[in-house]
Amino acid sequence: MLNRSIAPDIKDAVAYQIALKKPELFQLDNGVTVYNVQAGTEEVVQIEWVFKAGNWFEQKKLIASASNFLLKNGTSSKSAYEINEFVDFYGAYLNRSCYNETAVVSLHCLSKQLAHILPLVQELFLDAIMPEEELMIYKQNMKQRLAVNLKKCDFIAGRKIDALLFGDKHPYGVYSEMNDYDALTREELIQHYDSFYKNGHCTIFSAGILPNDYRELLNKYFGNLPFNKTVSKDLEHSIVPSPEKKLNILNDPDGVQGAIRIARPCPIPSDPVFQKLQVLNVLFGGFFGSRLMTNIREDKGYTYGIYSYLMNHIHASAILISTEAGRDVCEATVKEVYHEMEQLRLHEVGKDELLLVKNYLIGTLLGDLDGPFHIIGRWKNLILHGMTEDHFNYYIDTIKSISSKELKQLAEEYLNPSDYYELVVV
Amino acid sequence: MIKFDRFVLSNGLKVLVHQDQSTPMAVVNVLYDVGARDEVESKTGFAHLFEHLMFGGSINIPEYDEPLQLAGGENNAYTTNDLTNYYCQLPAENLETAFWLESDRMLSLAFSKKSLDVQRKVVCEEFKEHYINKPYGDVWHIMRDLAYKVHPYKWMTIGKELSHIENAQLDDVKHFFFKHYTPSNAILVVAGNVETAHVRQLAEKWFGSIPSGEKYIRNIAEEPMQNEERRITLKRNVPMDAIYKTWHMSSRFDQDYYVTDLLTDILGGGASSRLYQTLVKEKQLFAHINCYHFGSLDRGLFTIEGQLVKGIDIKLAEEAIELELNKVREQLVDERELEKVKNKTESVMAFEDMSVMNRAGSLAFYELLGDGNLMNEEFKKYQLVNTADLQRVAKEVLRDTNSNTIWYLAN
Numbered sequence: 001m002l003n004r005s006i007a008p009d010i011k012d013a014v015a016y017q018i019a020l021k022k023p024e025l026f027q028l029d030n031g032v033t034v035y036n037v038q039a040g041t042e043e044v045v046q047i048e049w050v051f052k053a054g055n056w057f058e059q060k061k062l063i064a065s066a067s068n069f070l071l072k073n074g075t076s077s078k079s080a081y082e083i084n085e086f087v088d089f090y091g092a093y094l095n096r097s098c099y100n101e102t103a104v105v106s107l108h109c110l111s112k113q114l115a116h117i118l119p120l121v122q123e124l125f126l127d128a129i130m131p132e133e134e135l136m137i138y139k140q141n142m143k144q145r146l147a148v149n150l151k152k153c154d155f156i157a158g159r160k161i162d163a164l165l166f167g168d169k170h171p172y173g174v175y176s177e178m179n180d181y182d183a184l185t186r187e188e189l190i191q192h193y194d195s196f197y198k199n200g201h202c203t204i205f206s207a208g209i210l211p212n213d214y215r216e217l218l219n220k221y222f223g224n225l226p227f228n229k230t231v232s233k234d235l236e237h238s239i240v241p242s243p244e245k246k247l248n249i250l251n252d253p254d255g256v257q258g259a260i261r262i263a264r265p266c267p268i269p270s271d272p273v274f275q276k277l278q279v280l281n282v283l284f285g286g287f288f289g290s291r292l293m294t295n296i297r298e299d300k301g302y303t304y305g306i307y308s309y310l311m312n313h314i315h316a317s318a319i320l321i322s323t324e325a326g327r328d329v330c331e332a333t334v335k336e337v338y339h340e341m342e343q344l345r346l347h348e349v350g351k352d353e354l355l356l357v358k359n360y361l362i363g364t365l366l367g368d369l370d371g372p373f374h375i376i377g378r379w380k381n382l383i384l385h386g387m388t389e390d391h392f393n394y395y396i397d398t399i400k401s402i403s404s405k406e407l408k409q410l411a412e413e414y415l416n417p418s419d420y421y422e423l424v425v426v
Numbered sequence: 001m002i003k004f005d006r007f008v009l010s011n012g013l014k015v016l017v018h019q020d021q022s023t024p025m026a027v028v029n030v031l032y033d034v035g036a037r038d039e040v041e042s043k044t045g046f047a048h049l050f051e052h053l054m055f056g057g058s059i060n061i062p063e064y065d066e067p068l069q070l071a072g073g074e075n076n077a078y079t080t081n082d083l084t085n086y087y088c089q090l091p092a093e094n095l096e097t098a099f100w101l102e103s104d105r106m107l108s109l110a111f112s113k114k115s116l117d118v119q120r121k122v123v124c125e126e127f128k129e130h131y132i133n134k135p136y137g138d139v140w141h142i143m144r145d146l147a148y149k150v151h152p153y154k155w156m157t158i159g160k161e162l163s164h165i166e167n168a169q170l171d172d173v174k175h176f177f178f179k180h181y182t183p184s185n186a187i188l189v190v191a192g193n194v195e196t197a198h199v200r201q202l203a204e205k206w207f208g209s210i211p212s213g214e215k216y217i218r219n220i221a222e223e224p225m226q227n228e229e230r231r232i233t234l235k236r237n238v239p240m241d242a243i244y245k246t247w248h249m250s251s252r253f254d255q256d257y258y259v260t261d262l263l264t265d266i267l268g269g270g271a272s273s274r275l276y277q278t279l280v281k282e283k284q285l286f287a288h289i290n291c292y293h294f295g296s297l298d299r300g301l302f303t304i305e306g307q308l309v310k311g312i313d314i315k316l317a318e319e320a321i322e323l324e325l326n327k328v329r330e331q332l333v334d335e336r337e338l339e340k341v342k343n344k345t346e347s348v349m350a351f352e353d354m355s356v357m358n359r360a361g362s363l364a365f366y367e368l369l370g371d372g373n374l375m376n377e378e379f380k381k382y383q384l385v386n387t388a389d390l391q392r393v394a395k396e397v398l399r400d401t402n403s404n405t406i407w408y409l410a411n
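Protein chains in written order, with this note's numbering: chain A, 1 to 426; chain B, 1 to 411.
Bound conformation, chain A alone (with noise of 0.2 angstroms):
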């Protein structure tokens, strides 16, 4: 008869080998270093162009951003629809996203049309005009995504946490307000696009089963426009932190949920203290068995879910709590976040729990580490960050061998309310 209360048994994750496929790494003639993981199971390629282009690098509000959004609204001689038409003919998808440090620009489509693609992208880091009209459009349109996402409490939770941590001056802290779309001009975007596009730094990632002259298309259509000639001057940004450590802001008298959003400042990914924190944090409150979700969830019904964060940003970083809990109890929820902290301040975790965090970890990574895709966005991840494949090692090995004890250490130092931002917006 089978006894249904045994567990099987299982072989414990972390001891798993676990190995980052290496990336082919070559150079197109102009310099700009490929990375390229070729795998896969289905005919499908994913290129990202990444460039020194994020809003570390703008004069003025939104200049990066917005500039990002236009580069594939029209050149001299391609409408923003006759671009459209042309990708979607092709069955692909060519985005564009804005971050801090970098502006990435990517594709995915089947690998058959890759060759079909390559010469539209390359039209736009040559040649993208961003036309008056497309920015006239641009403006309204994101003004009303605003005014809509201005009525959101998480919305404005999300961006005041920013600001408490970093500033609102600094990169990783600015917002923007509706007449800051009003005072982009066509001209400073050009601007941006000439300076970090057209003649910026590119590092390209790709990956997926790609055609078997992948490396001479690449050379033909990227390895001769005029990218990474100047050295990029590493700008400096000067973090001003918020005196004020507690706010409380009433947005929506009839919300029936407050967002709420506690952080502070910590390590940056390249550090090793950030791999082990990474640890504590997904004990603490980082995967759906965590402290935070088994008690402020799963036993006392606050919310529909609490996570904390590592903020992945490349000069600083932040541990993030951010949840949206029923109003009468957002308080209640605060004072549960900053008991969890305690508990771990005050005890070691004892070895069950540390195993499964471990196993876990140790299992979800094995998960990610599954397809093309996801290889090379850990790459990616590494490079950007000025890290190696050290660094992913070392972050395994931590996960492996770090102790109760350590965790212990980590929870006195980095889980202290009174080092932290408190934000609840109702």
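Hints were generated in silico from the structure; no laboratory data involved.
Take the hints with a grain of salt, since some may be wrong.
Ranges of calculated distance between the beta carbons of each label pair, as one might list FRET restraints [to be verified]:
#: 1; chain 1: A; residue 1: E82; chain 2: B; residue 2: L323; range: 17 to 27 angstroms
#: 2; chain 1: B; residue 1: E346; chain 2: A; residue 2: N248; range: 48 to 58 angstroms
#: 3; chain 1: A; residue 1: E412; chain 2: B; residue 2: L170; range: 40 to 50 angstroms
Straight-line alpha carbon distances no greater than 30 angstroms define the calculated DSS-like cross-link-like pairs of lysine-lysine that follow [unchecked claim]:
#: 4; chain 1: B; residue 1: K315; chain 2: A; residue 2: K143
#: 5; chain 1: A; residue 1: K139; chain 2: B; residue 2: K281
#: 6; chain 1: A; residue 1: K152; chain 2: B; residue 2: K310
#: 7; chain 1: B; residue 1: K281; chain 2: A; residue 2: K61
#: 8; chain 1: B; residue 1: K160; chain 2: A; residue 2: K152
#: 9; chain 1: A; residue 1: K335; chain 2: B; residue 2: K134
#: 10; chain 1: A; residue 1: K152; chain 2: B; residue 2: K281
Just a sample of chain B residues kept apart from chain A, beta carbon distances all over 10 angstroms, derived [as the list claims (entries may be wrong)]:
#: 11; residue: F178
#: 12; residue: S184
#: 13; residue: R252
#: 14; residue: N411
C-beta atoms are modelled at their ideal positions from N, C-alpha and C, and glycine is treated no differently.
Since the structure of chain A is already known, use the hints to place chain B on it.
Same frame as chain A, now just chain B:
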């Protein structure tokens, strides 16, 4: 081409196995043929609340998540109007842990009072977060209620109102479980670094002895043909006017489903689609506009939703939509335009099939439709669609007397 093996246990549980040795992981996906459409109108939101309770401990195992996490696994679940799907991924060597956990909660839940008390609150917070505390958050409650008079698609998966969730009792939970969570009402898909013979042995061992239960026979009244235009005007505390329009479309089992799907892409699938290009870019009446449907199994809703540019008269904006609808009703779509949306569909399907988890979920879904192998036939059905089909379906579906319109106005 997705290959798989299939067998059925004597208690009626269907098992599909898809092998992929390129990953160290295994995926276990259990789909139950029950969704919000199987609820009664006085107790809505139950299928979804129940999904939460499935993590609150089963008859022999106090905790679902912990042992899975200990085995290096993670999991999630979702509920739709049609179905409830549970999936987990873990290192393949620990596959049996997933069988142990999934089979015990198919055998019986623990029916813990504490779990029900807590999850009622959690789901109420979920309800508030997504449907009350968000601008335009209530629109789909109102639209479903407007569009359906008989069919249970008239309420959302989350439920009609908070009180239905707040009032859920343990007896309701038990009744729901034994009615719907039976082997004959479930599909098990195991995928990844697994062997069919091993899966068969594990399936017999863990699921084989679960009583088959009484087969649930779904008996849902069909929504009668709509014969009059329906309209509602709402005033709410939102910054911009918006318009929502729906029309009843074919069921998931009809070849016209594929025609309709491509038609939504032509009108509103991305930056080169007709509605976006004309109404957002050229006429600048809308800040954004989309056209889509929900992929419902029974007759679903063809939908257009858009947010107006501030200051634009909503009547004018609706007329402009109507003009575009007239074009698809009155003129054949260009062959190249049809080819474009077919290409896009081909590409979407290839990207979806990249992860083992998605493949497992899709196999379960197509098995629910009748045969896992439909997954491999799907693109052919899109290829069959021609421009005359598009025009015919546009005429049949996009009729005024089949339409439901909400003007969602800023007050």
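task = Sort out which numbered hints this structure fails and list those numbers smallest first.
result = When the structure is compared with the hints, none of them turns out to be violated.
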